[in-house]
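If you want the building blocks of each chain, they are given just below.
2 protein chains.
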Amino acid sequence: MKNIKAFCFDVFGTVVDWRTGVAFETEKLFARHGLSQLDPYEFADTWRKLYQPAMEACRSGQRPFTRLDVLHRENLEAALAHYKVNPAAIPPAELAHLNSAWHRLDPWPDVIQGLTRLKQRYIIAPASNGNIALITNMAKRAHIPWDLVLGAEVTQAYKPAPQAYTRMAEILGVEPAAICMVAAHNSDLHAARNCGLSTAFVPRRTEHGSVQTTDLEPSTTWDIIALDFNDLADQAGCWA
Amino acid sequence: MKNIKAFCFDVFGTVVDWRTGVAFETEKLFARHGLSQLDPYEFADTWRKLYQPAMEACRSGQRPFTRLDVLHRENLEAALAHYKVNPAAIPPAELAHLNSAWHRLDPWPDVIQGLTRLKQRYIIAPASNGNIALITNMAKRAHIPWDLVLGAEVTQAYKPAPQAYTRMAEILGVEPAAICMVAAHNSDLHAARNCGLSTAFVPRRTEHGSVQTTDLEPSTTWDIIALDFNDLADQAGCWA
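Those protein sequences? They're chains A and B, same order as listed. First residue of the first sequence: 1, per the working numbering; consecutive thereafter. First residue of the second sequence: 241, per the working numbering; consecutive thereafter.
Treat the hints as calculated values from the structure; they're not laboratory data. Misleading hints may appear alongside valid ones.
To be verified - Listed next, the in silico PhoX-like pairs over lysine-lysine satisfying Cα-Cα at most 20 Å (straight line): (1) Lys119/A with Lys380/B; (2) Lys268/B with Lys359/B; (3) Lys140/A with Lys324/B; (4) Lys242/B with Lys324/B; (5) Lys245/B with Lys140/A; (6) Lys242/B with Lys140/A; (7) Lys2/A with Lys119/A; (8) Lys242/B with Lys5/A.
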């Protein structure tokens, strides 16, 4: 622990509750357009499911690196089409506003206090696939006290590509092990550990709703296993 | 003013007093190596004078984009050689430590309060030629409350190249005019204005010591002319 210089955080799911936030804004749009028969949570899941394939096109080199705001917008139109809703029937300003729901997500209740404590002794930064504007707008709205914004747009690589992790160490000018990757997703931590980063698992057991079956527990002995961000700050020796 | 979303700041000279900080650390190294006959302020000026030509090699495409820490190190060795000091005669750890003096510069007295006030209503970010680690370490040490770190390593362009300004707007997802570039250097503001950014001049009349002759006054009618960062916050409507 004493060699850690920076804690870098997965954001969607680990820092913020994307499903509730996206469903909340989707429900309002659906109500305005006579689509109240559609389940906004199911819609959020459908929209989110298109996330990995869209990034994979960039990771594989099939298309150049593209900001998540752009991928989200393409995926929004595809998700609407999946439910037989014609995106062209919705005013562009409303589609743009719903697309930016990802900029307006709320953190889990322990986040602000835990990060504020960690920030006293460590560099804290998002290591997200979200683009800089998205993460910055989210932080300003919710008062998330990042020291700086790292992530896909800075490293020009989408997790779990190794460069998404190794370039953070290069950029911060530290050894990979001096960065502790924090995530609620075991797969993110596996990829980080393969690149030599330290790892911390914080479960978010309702990220996918009350029936969640994945990432309920750590899949291996991560360097830190914490109950939430306050417990992480406790374990990192950052007292309130 | 009401359309401004972000204030982006030149750092060396505008936010921090690089000359005093670099001279202070240089003086200690000189004393340890029997070089007290050399003037550390003059040395700081010599070191700094190599900054623009080094970046120009990157701007012109003569060499690929290179982090400022690397350019600073090359320039440190060249500056020592200029004073007939053999860099190889100084332990590498001491050279590395002096090179990182740029990470340990103190802000002018009005900076922290002014930025803290501006941050309540605006995104605040450095728009520096300094690399991310340099700017982050400086901010952690001096408690400079940036929302995020922008600048050369994010835009992959050194000011005053137009991309150094236009890409900030692109990255933040706003019109160029929604970004107000803040600098103590008229040339930086001219380049920013040519790219459509808003501009604010804050004089730093002792950046180059008490005999400074440049940038004592605004060279034209910038959008904002402020006495210091607190006056800038006043003019931006951010009350203490």
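Index of numbered hints that the structure contradicts, given in increasing order: 2, 3, 4, 8
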